[in-house]
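Chemist: Start from the sequences and build out the full structure, keeping to the hints where you can.
Top to bottom, those sequences are chains A and B.
The UniProt record's numbering applies: residue 1 is where the first sequence begins, and numbers increase by one.
The UniProt record's numbering applies: residue 1 is where the second sequence begins, and numbers increase by one.
By construction, these hints were calculated from the structure, which means they are not laboratory data.
You can take every hint at face value.
Subject to a maximum C-alpha distance of 20 Å in a straight line, what follows is the list of computed DMTMM-like cross-link-like pairs (lysine to aspartate or glutamate): (1) Lys59/B to Asp536/A; (2) Lys58/A to Asp150/B; (3) Lys8/A to Asp150/B; (4) Lys58/A to Glu153/B; (5) Lys43/A to Asp150/B; (6) Lys154/B to Glu61/A; (7) Lys132/B to Glu519/A; (8) Lys2/B to Asp658/A; (9) Lys43/A to Glu153/B; (10) Lys59/B to Asp638/A; (11) Lys154/B to Glu86/A; (12) Lys146/B to Asp69/A; (13) Lys146/B to Glu86/A; (14) Lys132/B to Asp549/A; (15) Lys149/B to Glu70/A; (16) Lys2/B to Glu489/A; (17) Lys2/B to Glu492/A; (18) Lys243/B to Asp69/A.
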Amino acid sequence: MIQLVVKKGRETFGEFDFTKDKINIGRLPQNDIVLSMGGISRKHANIELQRDGYVLTKMSEHSEVLVGDESIESCVLSDGDVITIEPFTIRVSIQEPGEEKATAEKIKRPKRWAVPYGEDMSDEKVDYILTHAPFKDIDESAFTAAAPLKGILRNDARIVKYNSGNIIIREGDYGNSAFFILQGSVKVVLGKGRQGLPPSLLGRSKKKSKGVLSALAQLWTNNKMPEVRNAKAYNQTSSKKKGKRNNRITLQGVPSVFDKYNTAHLVEGQIFGEIAAMSRTPRTATVVANEDIELVEIRWQGLRDIRKRAKELKEHIDKIYRQNNLRFQIQETPMFRNLSSEQLDIIVQNTIFETFGDFEWNRDFKKAAKRGIGKEPIIAQEDDYPSGVYMIRSGFARLSQKYGHGHRTLAYLGGGHIYGLEEIAHNWRSKKQVCFQKSLRAVGYTDVLIIPTKIMEDIVLPSLPPKDLPELIDPSKASKKNEALDNTEQLEKIGSHLMEFLVENRFINGTATMMINLERCTRCDDCVRACAAAHDNNPKFLRHGPQVDQVMIANACMHCADPVCMLGCPTGAIHRDALQGQVIVNDITCIGCATCANSCPYNNIRMVEIRDSSGNFILENETNKPIVKATKCDLCVDQLGGPACQRACPHDALKRIDMTNLETLANWISR
Amino acid sequence: MKTFAARRTQNLTLLTIVCVVLYFAYSVWQASLKPTNFYTGWILAGCMIFLTLYNMRKKLTFLPALGSSAMWLQFHLYIGIFTIFAFVLHVNFHIPNGIFESALFILFFAVVGSGVLGIFITRRSPRLMTRKGETFLYERIPILRKRVKDEVEKLVFDSIEETNSTTLSDFYLKKLHVYFSRPQNILGHLFESHTPLRTLKNEVDVVERYLDSNEKEVLQDIVSYIETKDNLDYQYAHQLMLKGWLFFHIPVTYALLIFSFVHGVLAYAFHGGGM
Chain A
1 MIQLVVKKGR
11 ETFGEFDFTK
21 DKINIGRLPQ
31 NDIVLSMGGI
41 SRKHANIELQ
51 RDGYVLTKMS
61 EHSEVLVGDE
71 SIESCVLSDG
81 DVITIEPFTI
91 RVSIQEPGEE
101 KATAEKIKRP
111 KRWAVPYGED
121 MSDEKVDYIL
131 THAPFKDIDE
141 SAFTAAAPLK
151 GILRNDARIV
161 KYNSGNIIIR
171 EGDYGNSAFF
181 ILQGSVKVVL
191 GKGRQGLPPS
201 LLGRSKKKSK
211 GVLSALAQLW
221 TNNKMPEVRN
231 AKAYNQTSSK
241 KKGKRNNRIT
251 LQGVPSVFDK
261 YNTAHLVEGQ
271 IFGEIAAMSR
281 TPRTATVVAN
291 EDIELVEIRW
301 QGLRDIRKRA
311 KELKEHIDKI
321 YRQNNLRFQI
331 QETPMFRNLS
341 SEQLDIIVQN
351 TIFETFGDFE
361 WNRDFKKAAK
371 RGIGKEPIIA
381 QEDDYPSGVY
391 MIRSGFARLS
401 QKYGHGHRTL
411 AYLGGGHIYG
421 LEEIAHNWRS
431 KKQVCFQKSL
441 RAVGYTDVLI
451 IPTKIMEDIV
461 LPSLPPKDLP
471 ELIDPSKASK
481 KNEALDNTEQ
491 LEKIGSHLME
501 FLVENRFING
511 TATMMINLER
521 CTRCDDCVRA
531 CAAAHDNNPK
541 FLRHGPQVDQ
551 VMIANACMHC
561 ADPVCMLGCP
571 TGAIHRDALQ
581 GQVIVNDITC
591 IGCATCANSC
601 PYNNIRMVEI
611 RDSSGNFILE
621 NETNKPIVKA
631 TKCDLCVDQL
641 GGPACQRACP
651 HDALKRIDMT
661 NLETLANWIS
671 R
Chain B
1 MKTFAARRTQ
11 NLTLLTIVCV
21 VLYFAYSVWQ
31 ASLKPTNFYT
41 GWILAGCMIF
51 LTLYNMRKKL
61 TFLPALGSSA
71 MWLQFHLYIG
81 IFTIFAFVLH
91 VNFHIPNGIF
101 ESALFILFFA
111 VVGSGVLGIF
121 ITRRSPRLMT
131 RKGETFLYER
141 IPILRKRVKD
151 EVEKLVFDSI
161 EETNSTTLSD
171 FYLKKLHVYF
181 SRPQNILGHL
191 FESHTPLRTL
201 KNEVDVVERY
211 LDSNEKEVLQ
221 DIVSYIETKD
231 NLDYQYAHQL
241 MLKGWLFFHI
251 PVTYALLIFS
261 FVHGVLAYAF
271 HGGGM
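Modeler: Structure follows, in structure tokens:
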């Protein structure tokens, strides 16, 4: 018996079981499998049971039939072969006479909340949370029936307890959750300047990678079939291994640390960790339990849904942000380090917090890229009065200058970069006033803090020693040099063409962008093979992608600074690794909804049908359809020595580049 | 990040120093009547084994302690050049005359020659392919070629109905069918020859005289497909070469290793007190 599953793209076109000896495929209605599509012949191919087995034969001279990647005239089919008759693919499953076909494993299709965030959450606990601020003030009727408040708390939240001195979140870690304080209080510990608490105090340890022996074992333990998974793992409902939860890190020498570093005190009803969770950025401070405390930890998907429905909570969070985080952020900026506490308070009160562009910019970025630079939301314009210093909080901004009838991109600014300081400092010191020398535009979305000029002139600039003040601007030379970043040399190496391309297509978002120098790449595919060897024989990227000049940006996850793929994930399966920040997919909690794949602006996430160890597709028990999972590059997070692709390239053609570091890019391009 | 030029200068300097040291040692061994051929033989054997290990290293990409593949390739290249120098000293600047040693000699230079050719190809072909235009995955080229052929055939068939003329379809069958059906001008592409394409375009110019305005439009579309197919063939030819040369280099290397082993055994068996 032969089973043929016909697909067109991802869509299943039909499933056919045949016991007869000859099967005709083609456009005519009398064929056994009718493929009505231009380019397919009336009698395109047939499959006939002969002595050697099922033989596929091409029937028409004008037709093309591929088995695997090979164009064939006639060949004996094997179980698992994939026949391609563009645009259809036909998966072959052959059952020998008398052979009992291994039954495909069936599991329930995973859904949102199939794996609750807290395994021991109960209705009583939800009711208990709802008696505390700020949840008690939330109007439950504003929520939908599909995602009620109680449902969100039941499945996206959990109650966690910490003892005095326990570290709850650590500065620099990536987190996907926020915390509300139910009982007790916490201390937010800020590092001195930009140093932060030393790693030894924070109990940091290196991530556990595979050992040498288990790495070597991959040579013979990797599966031969693609995308093989252990179906039993999907039947577990716990999101964390038992016993892990209580592994707390305690901050050593708590009183002295509190004395030594700047701290803030948060009490019941307050929230922390929400900025990093919602903006997909690292935690900005370490938070330590001040006493034995009880918290509600809520994953960002739940927090997002609550914010959307509960205006009070949204306002509450925004207010807390202004009270706490804004001050911390300003305090950490070197420009403000000489200011007194009172002066900082004045700055916090006068700082304007603005957002430009669309937080979910990935939805229409391709159209936006076509519209060009002129349509990008303008943050500050060249030749305007310098109204303040702009600090990029998150997202990206394009720095450009008029050139002819257009604008030339000089650089892109990311979190922590400052715009407008040169002009304001110049005007403060010189009688000859200047306007903004460049324009600043939001690329996608950009969060900006604006310190008004008057505050800068009255408080900040007088506090800066002369050596820290930027040089005076010579307007006649300003167009030739970009003092803001002092990157003229780098720009020359990168070239305007590549720079414009990277910004327009938002490749600046990548922290590990796979760039291939096509003038050195011999297309040997050693990178692909290395990737497959490190991932159970499943390469996680395509050595193909957009090309500009001699550079190709391959379809490999770039581990973006702003990973928009995480935006819509209903289960939090796609998340950042807490220690190193790689964007990774939790295969157990992925429900195969493809939201991340559709959200990724760079087409770097693929949806795959998974198999059990015998090579059969794992099916959903109700519909019998294959279970689908998202898969992408994980930057070899569990392997020794980082990305295997880069290490495997014999010709130094492939490099994973952090696009926030223009110098690395410039040096690689000009190598 | 060290530039490629700086790396090349550093490696060449090191290579020169090592070669000078070996030559000095060789002269001393000869002057002191040491079994020089055995010494250089062992140096050669060591180098050849190390060079062969590169292929194994490629399969162990997940062990970072072994160093990157790029670093190994650099060692492979420069130790390869050093091996030529060691070989010349080993044969004492003479061409062997025995059958076995001549075979060994030929095998050695087949490996060296294919290696040098490989380096030449791996440096030249990627540049040429990139300058020519969009590059394609090797495995996708047959599918793209088929797609181009289908598009052209559709144009030709449709034109018969639209124009009531078979001039274009006759031309397609005579001159273009084979061109679109399989890779063409592989050698021409490798040697950057534009003659085959020019010849085909000349044929197109000839037939254009006999077409009406509608057919001429179709012909223009076909010309653009001819150019697309030409680029596909160009990419195919170079990628075939990039993949193909190793199918000579590696088997010959293993043959050389076997011959070298036998040579070593024979040398020790029949040294006749030369030690």
